[in-house]
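Residue numbers (the working numbering), protein chains in the order written: chain A, 1 to 112; chain B, 1 to 110.
If you are wondering where the hints come from, they were derived from the structure by calculation, not from laboratory data. A virtual CB, placed ideally from N, CA and C, is assigned to each residue, including glycine. One or more of the hints may lead you astray.
Unchecked claim - Using 20 Å as the maximum straight-line C-alpha spacing, the simulated EDC-like pairs for lysine to aspartate or glutamate come out as follows:
1. Lys41(A) <-> Glu15(B)
2. Lys41(A) <-> Glu56(B)
3. Lys41(A) <-> Asp39(B)
4. Lys41(A) <-> Asp57(B)
5. Lys97(B) <-> Glu63(A)
6. Lys97(B) <-> Glu87(A)
7. Lys66(A) <-> Glu22(A)
8. Lys45(B) <-> Asp88(A)
9. Lys42(B) <-> Glu59(A)
10. Lys2(B) <-> Asp27(A)
11. Lys45(B) <-> Glu100(A)
12. Lys42(B) <-> Glu52(A)
13. Lys42(B) <-> Glu22(A)
14. Lys64(A) <-> Asp27(A)
15. Lys97(B) <-> Glu100(A)
16. Lys20(A) <-> Glu100(A)
17. Lys45(B) <-> Asp82(B)
18. Lys20(A) <-> Asp88(A)
19. Lys41(A) <-> Glu3(B)
20. Lys97(B) <-> Glu59(A)
As the list claims (entries may be wrong) - Across the chosen pairs, the derived CB separations fall in these ranges:
21. Arg76(B) <-> Glu100(A): 20 to 28 Å
22. Ala72(A) <-> Lys45(B): 22 to 30 Å
23. Glu15(B) <-> Asn51(A): 33 to 41 Å
24. Glu59(A) <-> Gly16(B): 22 to 30 Å
25. Glu56(B) <-> Glu59(A): 30 to 38 Å
26. Leu46(B) <-> Gly16(A): 18 to 26 Å
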Amino acid sequence: GAVVSQHPSWVICKSGTSVKIECRSLDFQATTMFWYRQFPKQSLMLMATSNEGSKATYEQGVEKDKFLINHASLTLSTLTVTSAHPEDSSFYICSARSNEAFFGQGTRLTVV
Amino acid sequence: RKEVEQDPGPFNVPEGATVAFNCTYSNSASQSFFWYRQDCRKEPKLLMSVYSSGNEDGRFTAQLNRASQYISLLIRDSKLSDSATYLCVVGTTRTYKYIFGTGTRLKVLA
Numbered sequence: 001g002a003v004v005s006q007h008p009s010w011v012i013c014k015s016g017t018s019v020k021i022e023c024r025s026l027d028f029q030a031t032t033m034f035w036y037r038q039f040p041k042q043s044l045m046l047m048a049t050s051n052e053g054s055k056a057t058y059e060q061g062v063e064k065d066k067f068l069i070n071h072a073s074l075t076l077s078t079l080t081v082t083s084a085h086p087e088d089s090s091f092y093i094c095s096a097r098s099n100e101a102f103f104g105q106g107t108r109l110t111v112v
Numbered sequence: 001r002k003e004v005e006q007d008p009g010p011f012n013v014p015e016g017a018t019v020a021f022n023c024t025y026s027n028s029a030s031q032s033f034f035w036y037r038q039d040c041r042k043e044p045k046l047l048m049s050v051y052s053s054g055n056e057d058g059r060f061t062a063q064l065n066r067a068s069q070y071i072s073l074l075i076r077d078s079k080l081s082d083s084a085t086y087l088c089v090v091g092t093t094r095t096y097k098y099i100f101g102t103g104t105r106l107k108v109l110a
């Protein structure tokens, strides 16, 4: 079946640094990918919709200058958390759809 | 009101029990409905789609009630391995976005 690969699976970084997370669709082309964030004991919250070849669409309350999304090819979307702070520590998951949604493994970001 | 609402639980049930979860959604234009399972610190995985006619997969039965805007998941003969969080997911064809419920936590006890 379709597979979405996300990398890295976990990262610890210092406050103020930037972190890039990659999301790849391995056996299908995804013109649209989705980035979610999940805080402990909370639901997955959609952050943004990544569109191949155009600007991402951000959900209300998500800072586009802080969470940079690049979708340069049909199989790769990246999310960069810029100037990360401890409150950005969360579980980030990407998703891509063919006829159903497939999720990456998730990235646990800890900002210290 | 949240777009998708679920009882967070936890539901603690003995092995072999039958357990049911409900999920309500607010957008009447919703067209896609799913149940996902999420294990602790893992990504969600599709458990089953929910069709208007209802569908069954082994011990799992999903139903959709459009008039009342809810979907349900029934698990029969619960196994220890069924312990997880079950996420109700609703989508619209127009936006291709999925909205997740907060999830219902199930713990099956030996």
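Against the structure, the hints:
The suggested pairing of lysine 41(A) with glutamate 15(B) is violated, with an alpha-carbon distance near 24 Å, which exceeds 20 Å. Between lysine 41(A) and glutamate 56(B), the direct Cα distance comes to roughly 29 Å. Violation of the 20 Å bound is thereby established for this hinted pair. Restraint check: the Cα-Cα separation between lysine 41(A) and aspartate 39(B) comes to about 12 Å, which is no more than 20 Å; the hinted pair holds. Restraint check for lysine 41(A) and aspartate 57(B): the C-alpha separation of about 28 Å exceeds 20 Å, so the hint is violated.
Our distance criterion of 20 Å between C-alpha atoms is met by lysine 97(B) and glutamate 63(A), whose separation comes to about 19 Å. In summary, the hint linking lysine 97(B) to glutamate 87(A) is not supported, as the alpha carbons are separated by about 25 Å, beyond the 20 Å threshold. Of the supplied pair hints, the one linking lysine 66(A) and glutamate 22(A) holds, its CA atoms being roughly 16 Å apart against a limit of 20 Å. About 24 Å separates the Cα atoms of lysine 45(B) and aspartate 88(A), which puts this hinted pair outside 20 Å; it is violated.
For the given pair, lysine 42(B) sits about 23 Å from glutamate 59(A) by alpha-carbon distance, which is inconsistent with the 20 Å threshold. Pair hint lysine 2(B) plus aspartate 27(A) does not hold up; C-alpha atoms about 35 Å apart against a cutoff of 20 Å. At roughly 11 Å between alpha-carbon atoms, lysine 45(B) and glutamate 100(A) fall within 20 Å of each other, so this suggested pair holds. Only pairs whose Cα atoms come within 20 Å are accepted, and lysine 42(B) paired with glutamate 52(A) is rejected, the gap being roughly 26 Å.
Proposed proximity of lysine 42(B) and glutamate 22(A) is supported: the alpha carbons are some 17 Å apart, at most 20 Å. Restraint check: the Cα-Cα separation between lysine 64(A) and aspartate 27(A) comes to about 29 Å, which exceeds 20 Å; the hinted pair is violated. Proposed proximity of lysine 97(B) and glutamate 100(A) is supported: the alpha carbons are some 11 Å apart, at most 20 Å. Proposed proximity of lysine 20(A) and glutamate 100(A) is contradicted: the alpha carbons are some 26 Å apart, above 20 Å.
Straight-line distance between C-alpha atoms of lysine 45(B) and aspartate 82(B) comes to about 13 Å, which keeps the hinted pair within the 20 Å bound. Taken as a hint, the lysine 20(A) and aspartate 88(A) pair is honoured in the structure, with Cα atoms around 13 Å apart against an allowance of 20 Å. Taking the CA atoms of lysine 41(A) and glutamate 3(B), the gap is about 18 Å. The hint holds against a cut of 20 Å. For the hint linking lysine 97(B) to glutamate 59(A), the alpha-carbon distance of about 11 Å falls within 20 Å, and the restraint holds.
Our hint of 20 to 28 Å for arginine 76(B) and glutamate 100(A) holds, since their Cβ atoms are close to 24 Å apart. Evaluation of the 22 to 30 Å hint for alanine 72(A) and lysine 45(B) yields a pass: the beta carbon distance comes to about 28 Å. Range check, glutamate 15(B) to asparagine 51(A): Cβ separation about 46 Å, and the 33 to 41 Å hint is violated. Between glutamate 59(A) and glycine 16(B) the C-beta distance comes to about 42 Å, which lies outside the given range of 22 to 30 Å.
The given range of 30 to 38 Å is respected by glutamate 56(B) and glutamate 59(A), whose C-beta atoms sit roughly 35 Å from each other. Here the CB-CB span from leucine 46(B) to glycine 16(A) is close to 38 Å, at odds with the stated 18 to 26 Å.
Violated hints, in rising order: 1, 2, 4, 6, 8, 9, 10, 12, 14, 16, 23, 24 and 26; the structure is consistent with all others.
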